[in-house]
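**Student:** Use the sequences and the hints to build the structure in full.
Protein chains in written order, with the working numbering: chain A, -14 to 464; chain B, 2 to 323.
Pairs of lysine-lysine, PhoX-like flavour, derived with a Cα cap of 25 Å:
no., chain 1, residue 1, chain 2, residue 2
1, B, K308, A, K(-12)
2, A, K(-12), B, K92
3, B, K44, A, K(-12)
Please keep in mind that the hints were generated in silico from the structure rather than gathered at the bench.
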Amino acid sequence: MPKFEYAPAPESRAIVSLKESYGLFIDGQFTPSADGRAFKTISPATEEVLAEVAEAGPADVDRAVTAARTAYERTWSVLPPRERGKYLFRIARIIQERARELAVLESLDNGKPIRESRDVDLPLVAAHFFYHAGWADKLEYAGYGPAPKPLGVAGQVIPWNFPLLMLAWKIAPALACGNTAVLKPAETTPLTALTFAEICQQADLPPGVVNILTGAGETGRALVTHPGVDKVAFTGSTEVGKEIARDCARDPRKKVTLELGGKAANVVFEDAPLDQAVEGIVNGIFFNQGHVCCAGSRLLVQESVYEQVLASLRRRLATLRLGDPLDKNTDVGAINSAAQLAKIRELSEAGEAEGAQRWSPPCELPVKGFWFPPTVFTGVSQAHRIAREEIFGPVLSVLTFRTPAEAVEKANNTPYGLSAGVWTDKGSRILWMASRLRAGVVWANTFNKFDPSSPFGGYQESGYGREGGRHGLEAYLDV
Amino acid sequence: MSAPADSRTIAGSSLREFLHGLPGVDQVGAEARAAMLASRSVKTTAKQWALDAAISMIDLTTLEGQDTPGKVRAMCAKARRPDPADRTVPKVAAVCVYPDLARLAAAEVKGTGIHVASVATAFPSGRTSLEVKLADARYAIAAGADEVDMVIDRGAFLAGDYQLVYDEIAAVREVVEGSAAPSGSAGRPHLKVILETGELVTLDNVRRASWLAMLAGADFIKTSTGKVTPAATLPVTLVMLEAVRDFRDAHGRQVGVKPAGGIRTAKDAIRYLVLVNETAGEDWLDPRWFRFGASSLLNDLLMQRTKLATGRYSGPDYFTLD
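**Tutor:** Listed below in structure tokens is the structure:
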């Protein structure tokens, strides 16, 4: 029995008022799907059914795109930019006011710890709206010419790992630049997007400017291939991203940005601030249960500090608290879905079968729901599947290197290229590494830090286009 | 008793090389980690345990030029029974006074198990000769102190004269070792080394000073005198806790940690306990290994304790002044 056992400290669910069923948000109204189809969304921590959600079919997609087109032509693109900015500021403020409710809802539907949804997701969501609200009437200073024009209707498909944050990354720049949006949240995490639809109503956003269509892959395909969509933005798996790229290639008018998978290297040099590096490794791969496209899933440690780093890491992992996502002291929550859990298990078993050593801290998993313990693989080689394929779970593969050149070579030896981390006290080495690492984001002595003013995006199979910052505006402007 | 293995003299240059070879501390990362741990939510039974643990770890302190025997007597009474109305409240770990009041304090807490800590070595600045510093320490011990809180020479440390700092700590350690056990307590007096982290400024310096003090024989490393701002902070204490943890791994000897100064509320104290729990580990969650140097903290802990027990918040008038 530990001396200092933290008593349960659950965040109250009372702040969230869940409806039994949710419709699609089209043209400013909630409506059932045309064919009446619906699906259930569950809490991955308990498998409790949270609500029933309408499933949008082709007819609904058509209706939503038409509403977005009308709103684009009649309202949003002709509104003075400053007025667009006002709406976005208003939305940002309402998000802040309702932050606790949204955080609880996100943790319920997604399984992520409330500490993360409260301290990371929601502040970033509001920040993205504030940041882009500021751009709305200053686009002529963005470096894309004197009067950059919007594209039209944006069809946006987002993943389940940061449901509301990904929505913000998509909707805020689209609206700031004068586009209207039809967005499909992931089928396992639709609830915060639907609450965002309520916020749009609360902010008196003109009907049709934002439309939310819930559904699975078929709904997403119908949306991105719809001829009325001018711009496609997708965040998700590389496999689906490639499919979308193929589909959209048939229509050369369509502008596409894809933010896909990753297998980021987190490179720890012998002169690194080791205690903070260990924190960075933990934050890199166990933040959000590793459901992070830019997760530091490959740890590259310089051989001379390998034993020390591994010992510290194991000790640190023993302090991770896994369990109820709504408990304010939980560090690691639930895996988002049964399907994802199966994938993580399959790849972890492959890691063992290929000869890597698997280790997890002593850690009791809840009986109900989808859970996977924080896991570290040592003795991993570049050829192992766990060093090459994106696991998208709390599984770290540890590799070693001897020289900076070898670190770069190994870090870049991946078809992905979304992010990388460098840990060293030498400023010159950080710059040397950053100029050689093939990754959209390189973090120095930190990991998984996000800011709306900083562009985010990948190389190679991690996709193309940037989101956030001045660079991110390009994706939503006709330039 | 001979000097422990880790306090043998290390040549100046290799001492410097060793200290400068310690891994750096990234300030942003350390602050982020401390802030994350500060967000832990400690409620109900956990809070009950934490409040009592914090009370039992207090070095109840008065270190003012205006201190009087009456003030020290009152403080010792409070140390023995922090809440006269509630006998379930644990006693504090120690009382901490200037050397000239140590005899009085020792008499007041005799037989209670409460330690008498006395600041020495020209506290708080440490700016005098080694002879005077050692005499100060001997005087405190002779007066009945069984814990000596010494200050390091921050000027020498910042100038890179680590050997001088080491030698002074080792010299005080010798004084402590050469002293007979005070009556009623077991073992020699303990040596707490005050780093005055507010003057060392960087976390790299905090880590180096921590190791230097431990190598020279400190039983405890303490953040601050309370006379310099900032005094104890969570990031500084985090780095010191990492240091004692790593030192025990390397040398097999456990060293205690004492944040002092600026810790005024129960909420603050609980944050420190969380920091201890998740950094050095629960071996340190004991008055033998972790202390708070504080004065007003005790009353807030008592108020929170009463609030937790009765559901009512009674306000400062219902708790005695020190």
